[in-house]
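**Q** Following the hints, put chain B in place on chain A, whose structure we already have.
Each chain, letter by letter, is given below.
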Amino acid sequence: MTLLTVDSLVARHGLLPAVREVSVSVADGEVLALVGANGAGKSTLLRTIAGAHPASGGRVVLDGEDITGLPAHQRVARGLALVPEGRKLFPELTVEENLLVAGGRARPGPWTLDAVLGAFPMLQPLRRRRAATLSGGEQQATAIARALMTNPRLLLVDEVSLGLSPHAVETVYGCLRALIRDGATVVLVEQDLARALTVAGRVVCLLEGRVVLRAETSGVTREQVTEAYFGLSRSGGAG
Amino acid sequence: MSVVNAIVQGILLGGLYALFACGLSLMFGVMRIINLAHGDIAVLGAFGVWVVTTQLGISPLVALLIALPVMLALGYGLQVTLLARSLKAGELTPLLTTFGLAIVIQNALLQIFSPDVRSLGAATGRLSIGSWRIADRLAVPYLGILVLVLAVAVLGGLQLMLARTRFGREMRATAQDPDTAGLVGVPAPAVYAQATAIAVGTATLAGVFLGIHASFAPSSGPTQLIFAFEAVVIGGLGSLWGTLVGGIVLGIAQTLGALIDPQYSILAGHIVFLVVLASPRGQLLWRRRAAGSVAA
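Quick mapping for you: the protein sequence lines, in order, are chains A and B.
Sequential numbering from 142 applies to the first sequence in this note's numbering.
Sequential numbering from 13 applies to the second sequence in this note's numbering.
With the rest of the complex left out, here is chain A (with noise of 0.2 Å):
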């Protein structure tokens, strides 16, 4: 069942389009990888899709339902939550508050403010530290906790492994992989190709704000999502 549908999607930074006409689909339970070099237009893409972004044409339907009018706040009770780029924690609030904000308007679901800490055993000694004081590593951690807190039916995460240690960045993708076993939703926004390719059930890559490759991680090689990625085989002929 399709649970996103992302239409000709265009959004602009003032007059510069940073999405063109963008077309996506995310089927319930799959887990699909954004590609691209910096500037491919990822991230406003997924800010759109969560209303932080506003659309300048096209549409977002999510289960049915156009939400491409809707702001931010009524998307997340339809069930989208964003894992926003650089974390943007409440820096002032402890960890507790920066989830039990999200969790106050949440819709009915399983992940409470228990369910969340017991999934991410890290924060629990880290409840009452105020969020700014935290590591990059559990800053990152908590983002993914205080969207979950929302009980998203589509979690969207834009690039988690931004700025952390390779260690961190293991820890975060654990709590990742932990999520999608257990049947998550995902679109994923990352930078590492191989990484994205390993978690992934399909790969979109984005080039200049274009869609320029489609396919399923299984039946494409790295070379390919390469070629697409940096558009060695659009100079090379198709323009």
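By construction, these hints were calculated from the structure, which means they are not laboratory data.
Bear in mind the structure is a predicted one, so any value in this text is a computation, not a measurement.
Treat the hints with caution; some may be incorrect.
Unchecked claim - Cβ pair distances, simulated, as ranges: (1) G227/A / S143/B: 57 to 63 Å; (2) P195/A / L107/B: 23 to 29 Å; (3) I238/B / A218/A: 40 to 46 Å.
Glycine included, C-beta positions come from ideal geometry on N, C-alpha and C.
**A** Frame of chain A; chain B shown alone:
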């Protein structure tokens, strides 16, 4: 003894200033809006209560119960209609908007009520003039105690609400990052409107007690705004207990100044404010302001 008396009266006066200041502090803390119409909104509230009192012939304290919900709704509406729009246009626009609003309120009040000075004191009766006589030249007025207790209750209640409740958490989260608050399901526009409603409500309380304690006229707003602003700065931005301390320091400065010579009363308050602004604490204030604008 007269110095002790001046300090006691200053503390009580400080309660009133803190009541004026907390709404100003709340709006700045949550939305980064410096509401230049804050004093005029307080005076508007006082006139509202005056109308109810004179029309129905009831005590201002009972009239307050009728006027307060109206003012809360007015505050909510003010944010939704006027301030939300001007916030979209950048940092300076709300300043201009509230400046304009101040002029509109002042002139509307002038048009309707004439420039006459009024007081709610007479209608309040014994409460506004009675006092406990402690010693020869030391008396504690009922009203001063009531206002101070009210100020502590309002500021303490707000502090508790911000620290402990879901609504308070949402307000702090929205103050720190409104966009991200939206991404976790918190409707920032509604939180803003509720914060403004509370600010207008506390301004109304302050305006009414100003009217009982002394007098008010359509042009009284700006003076009260300055006192509120001074109390906020002396106490430190972003701390409600600090606002209470700031109000009390300002009140004591004014009553001690008046002890030297009545014409030094207001001046002494300004001087304390300027000293705080020039002190390392004031420097901290500006630095934090600069850091805040970099983060935004």
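**Q** Under the constraints set out in the numbered hints, which ones does this structure not fulfil?
**A** none
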